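Once you have looked at the hints, place chain W on chain R.
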Amino acid sequence: MLERVLRVLEGAIEAVGQVVAWFVVGLTIALTYEALARLLFVAPTVWAYDVTYMLYGAHFMLGAAYTLRRGGHVRTDFLYERLPEVWQRRVDTICYLLFYFGPVLALLWFGSGFALEAWRRAERAITSPWMPVIYPFKTVIPVAAILLLVQGLVEFVRNLGLAGR
Amino acid sequence: MTGEALGFLMLGGLLLGLLAGFPIAFTLLAVALLFGYMGLGPRVFDLMTLQIFSVMRETVLAAVPLFVFMATVLERARLIERFFLGFLALAGSIRGSLYFAVMVTAILFAAATGIVGASVTLLGVMAGPLMLRAGYDVRLSAGIITAGGTLGILIPPSVMLVVMGPVVGVPVTQLFAGAIVPGLLLGGLYLGYAMLRCFLDPSRGPAIQQANSEAGKGKAVAELMLGSLPVVGLIFGTLGTILLGIATPTDAAALGAFASVLFGIVTRRLDWSGFREAMGKTLEVSSMILFLVAASNFFGAVFGALGSSRLLTQLLLESGLPAMGLVVLAMAVIFLLAWPLEWVPIVVIFLPVLVPVVAKMGMDLLWFSVAVAVNLQTAWLSPPVALSAYFLKGVMPEWSLKDIYLGMLQFMMLQLLGLVAVVAFPDLVLWLPRVLQR
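Keeping their order, the protein sequence lines are chains R and W. Under my numbering, the residue at position 110 of the first sequence is numbered 110, and the numbers go up by one with no gaps. Under my numbering, the residue at position 293 of the second sequence is numbered 458, and the numbers go up by one with no gaps.
Chain R on its own, in the form it takes in the complex (with noise of 0.2 angstroms):
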């Protein structure tokens, strides 16, 4: 039972890391556009200064848990990677505790009330003309978050040693 619910987590993050990964094509494709039409047509677009830090603020923070998953995150290994298996688990179990779940949490509900607030007043960015509505990409903070809390308590569950790896 608890092996399927975390394989279920765990397939919800990876398929979000999915679709994630595809805003590296629509960064090169809006980027390449933009600098076509400056460079030879010298018709600057008005959106792409504001598409391209969207697309990158979101693809790597909607992207962390996946990485997570993928064991991406860089560690300070050397003395980690000589212990045995079982004192590696027992050593993340304590860090997730002492060092993952406090930052998350309060990412979550402070990037939450960040983002709320952006909503409620329909904020607009004022750095370019094309002044689009921010509030979608402040709502990225939060729901990193959420991503982030649910693959960390994947990772916690299983180095717990209550399923399997």
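Please note that the accuracy of each hint is not assured.
[As the list claims (entries may be wrong)] Label pairs and their calculated CB-CB ranges:
#1 R434(W) with T127(R): 39 to 45 angstroms
#2 K567(W) with G71(R): 22 to 28 angstroms
#3 W119(R) with G353(W): 54 to 60 angstroms
#4 L9(R) with D211(W): 25 to 31 angstroms
Everything labelled a hint here was simulated from the structure, so no lab data went into it. These numbers come from a predicted model, not from an experiment. A virtual CB, placed ideally from N, CA and C, is assigned to each residue, including glycine.
Same frame as chain R, now just chain W:
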């Protein structure tokens, strides 16, 4: 307790936390939240959100996923293979030609892409089996592949320099221009060393037997031309446009990524599964780097708000250490840190601590940053925690890890020589940016 002292305690807490081997980004966030809350109160939470958001909006850093994407695509499209083989067919009968081919290919690939893993793996796959068959010296071969492959992180366009730009407050374009001469200098040192060893003892790099008919030579020249065209095109399209000031690094990275995908499709070497793999790998690598950048941006903001960075600057300025002594000290610390740590945490956590001091002393930040970049390249060659060794071992299982290590160590010494040269002669860095600005 004063805020400043709290900040130093925080740095100590971080070092302890790092030892536990937990993913650094989260350790950073936790430590900064804890000490920040003690020193600044609840406003630390809003500081966290704002600092992360400011990294999310930094368009300069958007070049990171694009350069990573470009490199992972080019790795799968085997861009450089044709050039390498053509070169070899032409010069294979010369002693030590494989060292030469590896180094030239490495420099070209480094100038086309900006990450390390791709170059080492690629060179290992192409040159490793040939070197093995030709009876090349294992250590020298492993050394030149890892050293040449790691040039990708230094020779622009380089992901490391993109991340460094906002941290030190120097335009990425200038960092790119400054890193070219030192990068070529290191490449020259590596190649000179390998050729010298080969000259002194020919058994380290015997000639490769092959048919040397006129027709074969003509074909080789054609292959070489065809192979180098796309590489040169890419280098001009990305690096060239950046240095000439036509495109920002981010725009150029997008153009490069676009061209790389086209190249992969046209040569039919990039299929659907390879493309999806490249996207997934890009997400993983750039999320790792950028989430860490965001976390340490918050950490640095807390360190600054506690007043510790100001105090540290003041202490170092009042220590009576001459400017050059300070630079040497900083380089030594970074060199030691690069042993257990990767370049990302060093650039985003420790470099910001040093930058204000360097700036206050009136030293050139561009020169200092490029010297740090050269220094950090050693992080990739310092056994036993050097990733490039594992990349190489992954594709050349016949070579023992011990030989790979011993080979890398020799080239690490050359790198130190290069670092000394860059520190002693700032013009190695500053000359090209000066010329380009005219």
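The hints, checked one at a time:
| no. | hint | result |
| --- | --- | --- |
| 1 | R434(W) with T127(R): 39 to 45 angstroms | holds (40 angstroms) |
| 2 | K567(W) with G71(R): 22 to 28 angstroms | holds (26 angstroms) |
| 3 | W119(R) with G353(W): 54 to 60 angstroms | holds (57 angstroms) |
| 4 | L9(R) with D211(W): 25 to 31 angstroms | holds (30 angstroms) |
In terms of the numbered hints stated before, the structure departs from none.
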